[in-house]
Each structure stands twice: as C-alpha cells, then as structure tokens.
Amino acid sequence: MNLKLLEYQHLIKIRHKENKVEILDSVRNKYLVLTPEEHVRQLFIHFLVQKMHYSKNRISVERALEYNKLGKRFDLLVYDKHFEPMMLIECKSPKIDLKKGSLQQISTYNQVFSVPYLCVTNGQETFVFKMDYESRSTELLHNFPHPE
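This note's numbering puts the first residue of the sequence shown at 29, with every later residue one more than the last.
Accuracy of the hints is not assured; some may be wrong.
[To be verified] Pair by pair, the computed Cβ-Cβ distance ranges are:
| hint | residue 1 | residue 2 | range |
| --- | --- | --- | --- |
| 1 | 90 | 171 | 36 to 42 Å |
| 2 | 35 | 83 | 17 to 23 Å |
| 3 | 109 | 48 | 19 to 25 Å |
| 4 | 176 | 46 | 38 to 44 Å |
| 5 | 140 | 44 | 34 to 40 Å |
| 6 | 42 | 158 | 31 to 37 Å |
| 7 | 110 | 158 | 36 to 42 Å |
Just so you know, the hints here were simulated from the structure itself, not pulled from any lab data. Beta carbons: idealized from backbone N, C-alpha and C, even for Gly.
Based on the sequences and whatever the hints tell you, model everything.
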C-alpha cells in the first residue's frame, strides 16, 4: 500500500547544528541526525498520529530488545488501549527494496513481542501483515489497521 507519507513533510522539523542536519523526533521530543531511515520513521509517526489517530503516548521509538542473547533495536512499537504491544513497524530507507530480508528482520524481532500486526515501510511502499498465531499464517492487509 502507498500511504503517501510525503503528505506529512510539512510537519517535519529540521535544523542545522554543528555541520549536521537533524530531524525532530516528535515522540521523544529530541533532535536526531537526519538519515533516510530516520526521515521515513518520522513521516510514519506523523501518519500514525495525524491520519490514523494513534496516540503518541502509545508509540515507542527505537528501543532495545534482546533476541538470542543479541542486542537489537526495533524502530516503532505501537501499543493498544491496554498498553499491550499491537504493531511492530520496521522503517527502511527509500532506497531499500522491501524484500525477504526486511520481513525476516521484523519477524525475528516479533519473536520477542508476538504482536497482532507487523509493518514494513520504506516510505514509498508499506506492507502490513495480520498475524494468526494459532494457524501460523499471515494475511497481507490492504488497509492500515485503526487503533484498538
């Protein structure tokens, strides 16, 4: 699905500091080095909040997790109204083709959370999967899930 994330570009705040370009993380309220992946992540956060009406208070950004005794970091984790993990989101640079590697990465991270929805985006393309753990299957969604 194409979520037209560039529609939220006007909400992005950028500054120049000490020969670096930084972007405001609107959830953590701090500036970070602007990379293509960070740009996608911030556009996606604005999509979640502005278009889909997810609460910023229920979005966790770039937190550590441990998988097989290895330290990893997820991009976004969205919680439901009971503050249970609901959706794990992996953001990639627009130059990255969303192939099996991206899906494997988020599937690996999901071993820790077992969320109902997985999402991978490069800002141009977005894939959202509804997980069915009982039947061990996934369904590719055509519409983005609303907050629970």
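How the hints compare with the structure:
no.: 1; hint: 90 - 171: 36 to 42 Å; in the structure: violated, 26 Å
no.: 2; hint: 35 - 83: 17 to 23 Å; in the structure: holds, 20 Å
no.: 3; hint: 109 - 48: 19 to 25 Å; in the structure: violated, 38 Å
no.: 4; hint: 176 - 46: 38 to 44 Å; in the structure: holds, 42 Å
no.: 5; hint: 140 - 44: 34 to 40 Å; in the structure: holds, 37 Å
no.: 6; hint: 42 - 158: 31 to 37 Å; in the structure: holds, 35 Å
no.: 7; hint: 110 - 158: 36 to 42 Å; in the structure: violated, 18 Å
Hints 1, 3 and 7 from the list above are not met by this structure, while the remaining hints are.
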